[in-house]
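*Asks:* So the chains spell out like this:
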Amino acid sequence: MNRLSRRSVLRASLGLAAAGALGRPFIANAAAKTASVWWQQGFVPEEDASFRNMVAEYEKASGNKIDQSIIPFGPLMQKMVSAVTTGDVPDVMLHDAGSQNFLPQNAWNDKLVDLTDVVETQKSQLHPTAYLSAQYYNSVTKKRGAYMAPIKINATPYHVWSSLVEKAGYKLADAPKTWDAFWDFFKPMQKKLRDQGMRGVYSLGLQLTTVGPNDGNVLFHHFLMANGGNGIITKDGQPHLDDPQVKEAVIKTLTYLTTAFKEGYVPPGAVSWNDADDNNAFHAKQFVIDLDGTISTEVALIHDKEQYDDMVTLGLPLDNAGKPMPEQILVEGAVVPKGAKNLDVAKEFLKYAIRPEVVNAYLKSGLGRWLPTMPGLIKSDPFWLDPKDPHVKAYVEEGLVNPTIPAFAVYNPGYAEANAQQIWGVAHSDIIQHDMTPQAAAESALGKIKTILAKYPVM
Amino acid sequence: MDGAQVLKTTEAFVPRRVSLSRLRRRAWRGGLQGSEFTWAVAFTVPYIALFLAFVAYPVAYGLWLGHKPSLYAELFADPIYQRTVVNTVLYVGIGVNLKMFGALLLSGFFMRRGWWVKGLLLIYVLPWAVPALPSFISIHWMLNGQWGLLNNLMWDVFGIDGPGWIETSRWLALGSVIVSHIWKWMPFWTVILLAGRMAVPQELYEAAEMDGATGFRRFVHVTFPLLANLYLICTLLSTIFTLGDFNSVYFVSGGGPALSTHVLATLGIRDAFDIARPDLGVAAVMSSLPLMIPLVILLMRKLRTTEVRL
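Top line first, the protein sequences correspond to chains A and B.
Start counting the first sequence at 1; every next residue gets the next number (our numbering).
Start counting the second sequence at 1001; every next residue gets the next number (our numbering).
Worth flagging that the hints you see were computed from the coordinates, not collected in a lab.
Note that this is a predicted model, so its numbers are computed, not measured.
Below are the DSSO-like pairs computed for lysine-lysine, each with C-alpha atoms no more than 30 Å apart in a straight line:
1) 143(A) x 1068(B)
2) 143(A) x 341(A)
3) 167(A) x 192(A)
4) 252(A) x 448(A)
5) 323(A) x 235(A)
6) 262(A) x 191(A)
7) 338(A) x 1068(B)
8) 33(A) x 123(A)
9) 142(A) x 448(A)
10) 351(A) x 235(A)
11) 235(A) x 450(A)
12) 79(A) x 1068(B)
13) 285(A) x 191(A)
14) 262(A) x 167(A)
15) 60(A) x 338(A)
16) 285(A) x 192(A)
17) 143(A) x 79(A)
18) 1068(B) x 111(A)
19) 123(A) x 379(A)
20) 448(A) x 1068(B)
21) 455(A) x 1068(B)
22) 1068(B) x 450(A)
23) 111(A) x 450(A)
24) 1068(B) x 142(A)
Covered stretches of chain A, going by a simulated chain B footprint (3 or more residues, C-beta under 8 Å):
25) 271–283
26) 429–443
Where a beta carbon is used, it is the ideal one built from N, C-alpha and C, also for glycine.
Chain A extracted, bound-state conformation (with noise of 0.2 Å):
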């Protein structure tokens, strides 16, 4: 045996180097089939194991390896911003929030692969407001494109404790049908459940937040509506910030909310509140109702009977001129960033993800929290217009039946960046806190959305 000297270390080591660094490109080869996957987190673990479960039926069908991970909500939107920034990207990014703000501005920057002909696969399955809004505009192509595999739906519909409102000597039925006397037949319940003993009770659970990334937008956009303010940007991408509906509007709405507010109607957190933090305080019975996108509130307490036949689930009233008001939906789907890989199993396994039967099952393992993006579904699977079930059905209505539009942000990409900077929450805080009229907290609002809207000029 020869003896191991210094030399012969070192030049083992020199060449054990050199074999890993000139060996490399064909270990890349021989991974070209696979595609790394990051994907959110399930709401329940069955949701996880669906997922799963799709990867491994796609691995089995096309030879292909799909490398998965699965990571929660806060630290995914972490590492694909920093992916995207270090172009250290994976194949696929699945985010619940990513057309808030990631998408948008990413398709704009032309970070992210045209996905058209995976979408195209299934247009004529697709929900018409979730094709339109998987389209985003590119700066450099100067064009709209698919950036985005449509997955799923989420509605914003009405939560009600049904026990407190009768708690409070109230009926739901007896509910105004229009947008502010709505919320205005809740208020009186607060004294009444107070007076009986109900201490921290409050009516309303405005999410009158500065913490993204939804829920205060969402909430605003959806008064903004009912005060008839939908063409704050308009389909061709265009900000209409100076018209005079859309400035009556935006008072309107930021005078409701915040007079509800100081009057003392809603949690005093609220200005605080994270995404999960309405829910928390709606289970902890500490307001009577919210509107909150998806049934998550409800099906968080699916195996306490009781409480989930408690919940009420309701769609949208008339909007203040006493008008049906289209639904705004947040769509959700998967991305390919450029620089990835292996682009051709990522458009694969995409296309097999957003087939209907494969979709269908990973949402309905999800409880129904989220809604299909193909309308057939609802007809086909008996699962989601079960009369039995008192929430899904209030849910798919509001979200697939009833009339939609996509949220402002697919029209203008820079309306996720105006989402993202929490504009309206900071409004209502200039409000509440530096005692701000609501015509000076618009004017300063729409003035910063002019500004960044100013950097997204979409032709």
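On the provided structure of chain A, position chain B as indicated by the hints.
*Replies:* Same frame as chain A, but now just chain B:
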């Protein structure tokens, strides 16, 4: 011995036929010869590689990300950033000084003899010993104005409704963050200063006592002068740590109410990931460098000049 000295010393003893360039090479190699130099390089290269990969590169990348002057113009014009700078100064200034002064006083208390003092010390260091995140999240829940433990206790015991500690007022929320920071970190610095006190020679106290210095005078004329350098170094270190502290603010107040209690570390994360503007987030954090760099230089100078003093 530096390279030039090596060169001179070596020249005196080597025969003339050894060339000057060889001598220079040897000097450059720190006097190491043949395989010794090879081994030195072999052992140093991994460290240098790690340093370049995980220290130099990330710092340089951060500087590159936040290098555009327009980012700073955008930050300085933002009222949220302006408020954040004030919060950072208050948080660091009040938090660090109260914490260090409290630690100095308590370290004196824990010098007392007795089993119950040791028992108290054990309980006292628990906040530092337990993981930070669950502690701060628990404090966040405890301070909830509607159903938190603190306000429920106030209601049950005194029949009064407590304020929304972290929900309604910037100053209450910032105060809550500072108190939480002190609660978490004062035990650590108390133990450090306690160790410093234990190193003060007993004879000095005995001599001071003979001169009539007891109690407060003994603290002023003996203990504090001997601990002054340690106290200053600890304060500098704590200031540097606290400037970059993210957890206390993020998990206690979350930067609320209405973005009013952010510090630079939390605002940087908000800008980078919530607004998806990593460049702006890095710029927010970088803007603390004009304060951070002098502190580090001052700390280095103090460490160099106080080698053997307490």
